[in-house]
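As you go down the protein sequences, you meet chains G and E in turn.
At position 45 of the first sequence the residue is numbered 45 (my numbering), and the sequence of numbers has no breaks.
At position 35 of the second sequence the residue is numbered 145 (my numbering), and the sequence of numbers has no breaks.
Hints may contain errors.
DEER-style ranges, computed between Cβ atoms [what the hints assert, rightly or not]:
{"hint": "1", "chain 1": "E", "residue 1": "E182", "chain 2": "G", "residue 2": "S14", "range": "41 to 47 Å"}
{"hint": "2", "chain 1": "G", "residue 1": "Q81", "chain 2": "E", "residue 2": "M129", "range": "29 to 35 Å"}
{"hint": "3", "chain 1": "G", "residue 1": "A17", "chain 2": "E", "residue 2": "P215", "range": "35 to 41 Å"}
{"hint": "4", "chain 1": "G", "residue 1": "A17", "chain 2": "E", "residue 2": "G206", "range": "36 to 42 Å"}
{"hint": "5", "chain 1": "E", "residue 1": "K124", "chain 2": "G", "residue 2": "P10", "range": "29 to 35 Å"}
{"hint": "6", "chain 1": "G", "residue 1": "E69", "chain 2": "E", "residue 2": "T117", "range": "44 to 50 Å"}
{"hint": "7", "chain 1": "E", "residue 1": "V160", "chain 2": "G", "residue 2": "T107", "range": "36 to 42 Å"}
{"hint": "8", "chain 1": "E", "residue 1": "S179", "chain 2": "G", "residue 2": "Q81", "range": "41 to 47 Å"}
{"hint": "9", "chain 1": "E", "residue 1": "E182", "chain 2": "G", "residue 2": "Q45", "range": "18 to 24 Å"}
{"hint": "10", "chain 1": "G", "residue 1": "E8", "chain 2": "E", "residue 2": "V160", "range": "30 to 36 Å"}
{"hint": "11", "chain 1": "G", "residue 1": "G1", "chain 2": "E", "residue 2": "D209", "range": "35 to 41 Å"}
Honestly, the hints are just simulated from the structure, not real lab data.
Backbone N, C-alpha and C define an ideal beta-carbon position, used for all residues, glycine too.
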Amino acid sequence: GNSVTQMEGPVTLSEEAFLTINCTYTATGYPSLFWYVQYPGEGLQLLLKATKADDKGSNKGFEATYRKETTSFHLEKGSVQVSDSAVYFCALRVGNDMRFGAGTRLTVKP
Amino acid sequence: NAGVTQTPKFRILKIGQSMTLQCTQDMNHNYMYWYRQDPGMGLKLIYYSVGAGITDKGEVPNGYNVSRSTTEDFPLRLELAAPSQTSVYFCANQKGTTDTQYFGPGTRLTVL
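Same shape as in the complex, but just chain G:
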């Protein structure tokens, strides 16, 4: 079946620190991969996506590369800000089947 496993949190970093949130997947077909962000009291917003192997998604300083050989889609940011504090979800889609990871809560302290 299709599933996503992501690094459990919470993650607490100081401002300007480097961020990595690990995400691995299993899929029966050829998935598209996503990172969504959820701010308190809001719905999920798409952060970035990649639709085929070796694609790199990027947005707002965040990046993730679709690695088929390691079935991974790790999220990275070189210098986090307090405003990046949120819950981050890795997700995959195969056809109409959309699967989400459990989410990783990130807190960035000044």
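Since the structure of chain G is already known, use the hints to place chain E on it.
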């Protein structure tokens, strides 16, 4: 444009009561989805629709029903509420098969 809107924002139900969670979109997207998010967990797909008049089960459909009589509306019905249905419910839409999903703000439901 409002995007994807959900009502109500919060609701408390007693065991055995029924209710309908409303979801409306003004984006004219064909695909619509209902998810539930339990504390500390990712989202799980309850039902989805690929267009008006067409619905299908997702990963966790038991205890729920949906209808899609128009492109705009995709209500989720709980007939006999149970404590296990305490969750945050999100509606989402999507234009086409490979496009991004856009989420509503959610409905927080508590069943006591």
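Broken hints, numbered, in rising order?
2, 3 and 11
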